[in-house]
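*Asks:* Produce the entire structure from the sequences given, and follow the hints as far as they go.
If you read the sequences in order, they're chains A and B. If you count the first sequence from 1, position 218 lands on 218 in the numbering used here, and the numbers rise without skipping. If you count the second sequence from 1, position 244 lands on 244 in the numbering used here, and the numbers rise without skipping.
Careful, some of the hints might be misleading.
In this list, chains with the same sequence are indistinguishable; a pair is considered to hold if it fits within one copy or across any two.
[Stated by the list, open to error] With a Cα cut of at most 30 Å, we get these calculated DSS-like pairs of lysine-lysine: (1) K190 with K58; (2) K187 with K95; (3) K136 with K95; (4) K129 with K95; (5) K153 with K58; (6) K129 with K212; (7) K190 with K95; (8) K100 with K190; (9) K190 with K129; (10) K2 with K100; (11) K136 with K187; (12) K212 with K187; (13) K2 with K136; (14) K2 with K95; (15) K212 with K2; (16) K187 with K153; (17) K58 with K2.
Just so you know, the hints here were simulated from the structure itself, not pulled from any lab data. The model shown is predicted, which means the values in this text are computed figures rather than measured ones.
There are 2 protein chains.
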Amino acid sequence: MKTILVTGANRGIGLAFVRLLARYEPTPAFIFATCRSPDTAKELQDLAATHTHVRILKIDVQNESTYGPAVEAVSSLVGENGLNVLINNAGVFPKDGYEKVTREYLTSIFEINIIGPIRITQAFLPLLKRGARNSKIERFSIERAAVINMASKMGSISLNTSGGAAGSRESKAALNMFTRSLSIELKTDKILVVSQCPGWVSTLNGGPDAPKTPEISVSEMLQIFALYSEEHTGCYLDNQIPLTFSQY
Amino acid sequence: MKTILVTGANRGIGLAFVRLLARYEPTPAFIFATCRSPDTAKELQDLAATHTHVRILKIDVQNESTYGPAVEAVSSLVGENGLNVLINNAGVFPKDGYEKVTREYLTSIFEINIIGPIRITQAFLPLLKRGARNSKIERFSIERAAVINMASKMGSISLNTSGGAAGSRESKAALNMFTRSLSIELKTDKILVVSQCPGWVSTLNGGPDAPKTPEISVSEMLQIFALYSEEHTGCYLDNQIPLTFSQY
Chain A
1 MKTILVTGAN RGIGLAFVRL LARYEPTPAF IFATCRSPDT AKELQDLAAT HTHVRILKID
61 VQNESTYGPA VEAVSSLVGE NGLNVLINNA GVFPKDGYEK VTREYLTSIF EINIIGPIRI
121 TQAFLPLLKR GARNSKIERF SIERAAVINM ASKMGSISLN TSGGAAGSRE SKAALNMFTR
181 SLSIELKTDK ILVVSQCPGW VSTLNGGPDA PKTPEISVSE MLQIFALYSE EHTGCYLDNQ
241 IPLTFSQY
Chain B
1 MKTILVTGAN RGIGLAFVRL LARYEPTPAF IFATCRSPDT AKELQDLAAT HTHVRILKID
61 VQNESTYGPA VEAVSSLVGE NGLNVLINNA GVFPKDGYEK VTREYLTSIF EINIIGPIRI
121 TQAFLPLLKR GARNSKIERF SIERAAVINM ASKMGSISLN TSGGAAGSRE SKAALNMFTR
181 SLSIELKTDK ILVVSQCPGW VSTLNGGPDA PKTPEISVSE MLQIFALYSE EHTGCYLDNQ
241 IPLTFSQY
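*Replies:* As structure tokens, this is what we get:
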């Protein structure tokens, strides 16, 4: 992983990714931490101040005009190395039931959790393909190129026995489908595409009762990433070692 | 099935539902055929002219201001009988790959295929609950109350081996999740919620090479509907007898 981009990096799991990647060995060339409001992302600013390979970029998932400048900034820094890893982490998971949700509420969830990841991946795909093409690694590997979509157990249809979270569950099921379809399109490029469940984490989405801190979850996921191989592309993985396929 | 509402009824599978239900035995009290433009829905107008229990109503899935008047019209006609069956049939399935789709394209697919069905179901839920409550049928049955979402094999993540159809596949996976979640919320009301695959049908979405006409598909589905019981609620069914659960 020479170059990595993480969306929604100002808090929770995204911020933990940047924190842990900043001291990852071997040291990445660049960690691009994107968020809606770089100006107020204090923790990211502190990290970037002490780690020159951490770069903060503005991406507002719901505002496509922010995508182009971010792609250009990444492109000019990474050059022929391209981008190795895109972590589609930005997401929401409100939990209202079907009786009360409005169209605006549902639209916002689908924009952030599925349309955004599709469009952001599309925007960075030329850089990911460059990353794969110019990598010395010939096999499917996180070291070559990968798109990692942050999944959720709540996005498993077959495991859904409690309902609720209108729109949130649907958008995460849709994200798993995106993982599957995109993995097929990117097989010839040997770019991994995986839906990765972070476990139940004490973030804004997971709530304070969750058993894992973002740092523990991300520390586990970084170990999991290193084990990804061809058999995992297109799949939805639990946060366990040995790697475990989750049910759709 | 005393009272049935079908969305997207001006063509394809929706129109075939109205045609076959118009001569269904026992004769339903009302078949509500909804579409975007009743004024230009010639086939529906012809059907309504000869079958007084066929009523055409305007619902534009993407325009919520059309929902309220349709709910009121249905409510005033069905009275205490309520609504027995809501068929969320309106849908699109464009087949472009990830490289070319725009945000507008994706937004439109999610609005029509998943946000629309959620919001339309929400709008008609009081009438469906009334239909269930005032039914003489005490068990889960199409004769009591049901929400039927038109699913697609292309919406199965585990069966997806060819990719493509960006947004369309994702939206249908999301629809299966909606079926599952809503079925849980409506279990105490004994309202069935099913994702039903119509098979591969020669419609605008299915294309001319499909082996089934809309009439054949709908004729099969009406036989399948009659077999729905408690074990099928929340499930995704193939278009086969005996009833076969499809994979998510």
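*Asks:* All hints are to be evaluated individually against the structure, with a verdict given for each.
*Replies:* Here's how the hints hold up against the structure:
1. K190 with K58: Close inside one copy (29 Å), not across copies (49 Å); limit 30 Å.
2. K187 with K95: Answer is between; shortest inter-copy Cα gap is 19 Å, intra-copy 35 Å.
3. K136 with K95: Cα proximity of K136 and K95: none, with 44 Å in one copy and 35 Å across.
4. K129 with K95: between (36 Å within a copy, 23 Å between copies)
5. K153 with K58: within (29 Å within a copy, 38 Å between copies)
6. K129 with K212: For K129 and K212, the Cα distance exceeds 30 Å both inside one copy (34 Å) and across copies (41 Å).
7. K190 with K95: between (37 Å within a copy, 23 Å between copies)
8. K100 with K190: Answer is between: at 20 Å across copies they meet the 30 Å cutoff, but 44 Å inside does not.
9. K190 with K129: within (9 Å within a copy, 51 Å between copies)
10. K2 with K100: between (45 Å within a copy, 28 Å between copies)
11. K136 with K187: Within. Shortest intra-copy distance 17 Å satisfies the 30 Å Cα cut-off; inter-copy 55 Å does not.
12. K212 with K187: neither (33 Å within a copy, 33 Å between copies)
13. K2 with K136: within (12 Å within a copy, 67 Å between copies)
14. K2 with K95: neither (37 Å within a copy, 35 Å between copies)
15. K212 with K2: Within. Shortest intra-copy distance 27 Å satisfies the 30 Å Cα cut-off; inter-copy 52 Å does not.
16. K187 with K153: both (25 Å within a copy, 22 Å between copies)
17. K58 with K2: For K58 and K2, only the intra-copy Cα distance (21 Å) is at most 30 Å; the inter-copy one is 56 Å.
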